[in-house]
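Colleague: Whenever a hint applies, use it, and build me the whole structure from the sequences.
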Amino acid sequence: MIPIHWFLELAAVLFVVGSLGVILRRNALIMLMGIELQLNAANLTLVAFSRAYHDAHAQAFAFIVIAVAAAEAAVGLAILVGIFRNRRSVNVDELTIMKH
Amino acid sequence: MDFDVSQLSAIGPIVALTVAGCFLLLLEAFAGGRQRAYLMPLTLAAVAVALVLEAGQWRDAQLATSAFHGLLAVDRFSILLSSVFLVGCGMTALLAPAYMKEHEFEFGEFYALLIFATAGMIILAQATDFVTIFLGIETMSIAVYVLTGSWRNSAKSAEGAMKYFMVGAFATSVLLYGIALIYGATGTTALAEIARQAPRVSQAPLFIVGFLLVIVALGFKIAAVPFHMWAPDAYEGAPTPVTAFMATTVKAAGFATLIRLVATTFSRTELAYGSSGWASILSWLAVLTMTLGNLGALRQDNVKRMLAYSSIAHAGYLLVGVVAIAVVGADARGPLIYYLVAYTFTTIGAFGVVAWIGNKNDERVMIDDWAGLASRHPAQALAMTLFMLSLGGFPPTAGFFGKFYVFRAALEKPTLIWLVVVAVLNSVISVYYYLRVVTAMYFREPGRELRPLRSNGVTAALLIAAFGVLAIGILPSWLIDAANAALFLQ
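Residue numbers (the numbering used here), protein chains in the order written: chain Y, 1 to 100; chain U, 1001 to 1490.
Quick caveat, the hints were computed from the structure, so don't treat them as lab data.
There may be inaccurate statements among the hints.
Label-pair ranges, simulated between beta-carbon atoms [to be verified]: (1) U:ARG1454 <-> Y:VAL16: 48 to 58 angstroms; (2) U:ASP1060 <-> Y:ARG25: 47 to 57 angstroms; (3) Y:MET33 <-> U:LEU1470: 44 to 54 angstroms; (4) Y:VAL16 <-> U:GLU1449: 54 to 64 angstroms.
Dumping the calculated EDC-like pairs for lysine to aspartate or glutamate here, alpha-carbon to alpha-carbon at most 20 angstroms [claimed, not checked]: (5) U:LYS1156 <-> Y:ASP55; (6) U:LYS1360 <-> U:ASP1004; (7) U:LYS1156 <-> Y:ASP93; (8) U:LYS1156 <-> U:GLU1102; (9) U:LYS1156 <-> U:GLU1104.
Negatives, chain U to chain Y, calculated, CB over 12 angstroms [unchecked claim]: (10) GLY1012; (11) LEU1026; (12) ALA1031; (13) ALA1037; (14) TYR1038; (15) GLU1102; (16) TYR1145; (17) MET1166; (18) ALA1190; (19) VAL1287; (20) ASP1362; (21) ARG1448.
The beta-carbon is built from N, C-alpha and C at its ideal position, and this holds for glycine as well.
Modeller: Here it is in structure tokens:
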């Protein structure tokens, strides 16, 4: 059996990569992908612990998260399309009409 | 504990709202634009039904009960807060139709989304497990992202929605990773069980990092500094009725979760971290939030944006109440509930006046646009004055007693005196920018002609808000007694 720390380390790396994607990249699509990566890192952590504890609760939780994340991504893409229609770009640095 | 049908009564209001929301969606899809006039009254009816169900639960809930294997609680705390969310939803629905018609973005899904978001908030108020907390936050947030961007011909609305979505989704994933780490440390997601395990795991790095991530994520949701950068833009960009909804009920729902977390899990002394436990982190968040929110509001000439910063500052005062719960004990939750009720009525009223004053392509939100309002529209100017005084904390308004009770609760512990001093200084500073609106309305010459909205719905919402601010300000005792009696499932 693969030891649990491999899963946890992979998940931690995925989470950091996802966070950096959201924080550093300026393309809204890439940022959205970073958020998905973070959510999947959390799911992987949940399922890894769930297997270690022989407890199915967290696996059910991971399924709920997958469903919710799909809804969130759908809304996010819709908002992105709205922005793109307005200004033909999804660069978040150009979103400055309300800066004071 | 096996499932039995009687548990469904625990989620009666949520079910009622969900069914109503689906019905409104179908009505919009199949009846199209012809039935739009009925959507707002139907929304109000759904809110009324849910309020009646909450009232029924209040009568039954002599003891706090738990349902669905400890996922949800029905206690007077959740019932009181759910009623606040429902009233906020109803008042937003009253403001919406005239505003959407004037600014030409009428669409029926608006009301369904409003109702779904409210259902998510009620889940949050009842949640006693991280699974339901996550579900509630997402149900609420996803609907509110769409509402923020619902003003489709406004570039500001799209931009506000984008910022809100990106930050909100980031916060969600941080929350979830935090939950996963806490699950790793304790083997459970139930708040009560986590509290029980506290002595064993309180110093585990996994657990500390997990809880920090959860606090950061909730900080984003309640717009606490330094996690507030999305709030001014999202609040300014959103249609004003939605801003009212976001600034009050969404924030209150975040606080509901925070109160439950602090009162069940953080209150254990074993969870000490730093000099005085998690409370020290929360008190620094409170100081930053109050001060930077006020400094931001001071330099705004845009009334809508000023109110956005003011709502950040109020999150800081509310955090003082949360710190009081953590330090003094769960008994200090009454003042915080009172403050949330007072703040909800006042802020929805203030944004209601902002929604009322604007026209198509001309939102009239700059303070110069408000000059001389009192001579032309004395009633609305009087209402706005009342809301500004309440936000500033003048007696005999609701805002005064909210601050009074919260600060008094914090003063129970001498270690919190410095925090209360900072909070009082901040509310003194805030008086400047609130009174600036009042002086512009009363003591300056009128400028351009105004063509405000003419709508019974807006008038009704403003009347309800003004009545609420005065009623619980002049007679505060019944509400603070009910809030203090708000039993809490431990």
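Colleague: A separate judgement is required for each hint: does it hold in the structure or not?
Modeller: Consistency of the hints with the structure:
For the pair ARG1454 of chain U and VAL16 of chain Y, the supplied restraint of 48 to 58 angstroms holds, since their beta-carbon distance comes to about 55 angstroms. Separated by about 52 angstroms at the C-beta atoms, ASP1060 of chain U and ARG25 of chain Y satisfy the suggested range of 47 to 57 angstroms. Restraint check, MET33 of chain Y to LEU1470 of chain U: a C-beta distance of roughly 51 angstroms satisfies the suggested window 44 to 54 angstroms. With their beta carbons about 57 angstroms apart, VAL16 of chain Y and GLU1449 of chain U fall inside the hinted range of 54 to 64 angstroms.
With a CA separation close to 47 angstroms, the supplied pair LYS1156 of chain U and ASP55 of chain Y exceeds the 20 angstroms bound. Annotation: proposed proximity of LYS1360 of chain U to ASP1004 of chain U is violated, straight-line Cα distance about 53 angstroms (limit 20 angstroms). As the CA atoms of LYS1156 of chain U and ASP93 of chain Y are separated by approximately 14 angstroms, the hinted pair is consistent with the 20 angstroms bound. Taking the CA atoms of LYS1156 of chain U and GLU1102 of chain U, the gap is about 17 angstroms. The hint holds against a cut of 20 angstroms.
Between LYS1156 of chain U and GLU1104 of chain U the alpha-carbon distance is near 15 angstroms, which keeps this suggested pair within the 20 angstroms criterion. No Cβ of chain Y comes within 12 angstroms of the Cβ of GLY1012 of chain U; the nearest lies about 22 angstroms off, and the non-interface call holds. Remark: the non-interface label on LEU1026 of chain U is consistent with the geometry, its nearest Cβ contact in chain Y lying 19 angstroms away (cut-off 12 angstroms). Every CB of chain Y lies more than 12 angstroms from the CB of ALA1031 of chain U, the least distance being 24 angstroms, so the non-interface label holds.
Its beta-carbon lying about 27 angstroms from the closest one in chain Y, ALA1037 of chain U satisfies the requirement of being farther than 12 angstroms from that chain. Distance check on TYR1038 of chain U: its Cβ is at least 26 angstroms (rounded) from any Cβ of chain Y, clearing the 12 angstroms threshold; non-interface status holds. Separation of GLU1102 of chain U from chain Y is adequate, the least Cβ-Cβ distance of about 21 angstroms exceeding the 12 angstroms criterion. Its beta-carbon lying about 5 angstroms from the closest one in chain Y, TYR1145 of chain U breaks the requirement of being farther than 12 angstroms from that chain.
At roughly 6 angstroms from the closest C-beta of chain Y, the C-beta of MET1166 of chain U falls inside 12 angstroms, breaking its exclusion from the interface. Non-interface status of ALA1190 of chain U relative to chain Y is broken: a Cβ of that chain comes within 12 angstroms, the nearest being about 9 angstroms off. Even its closest Cβ contact with chain Y, about 24 angstroms, leaves VAL1287 of chain U beyond 12 angstroms, as expected for a residue assigned away from the interface. Non-interface status of ASP1362 of chain U relative to chain Y is upheld: no Cβ of that chain comes within 12 angstroms, the nearest being about 16 angstroms off.
Distance check on ARG1448 of chain U: its Cβ is at least 22 angstroms (rounded) from any Cβ of chain Y, clearing the 12 angstroms threshold; non-interface status holds.
Hint check: violations occur at hints 5, 6, 16, 17, 18; the rest are consistent with the structure.
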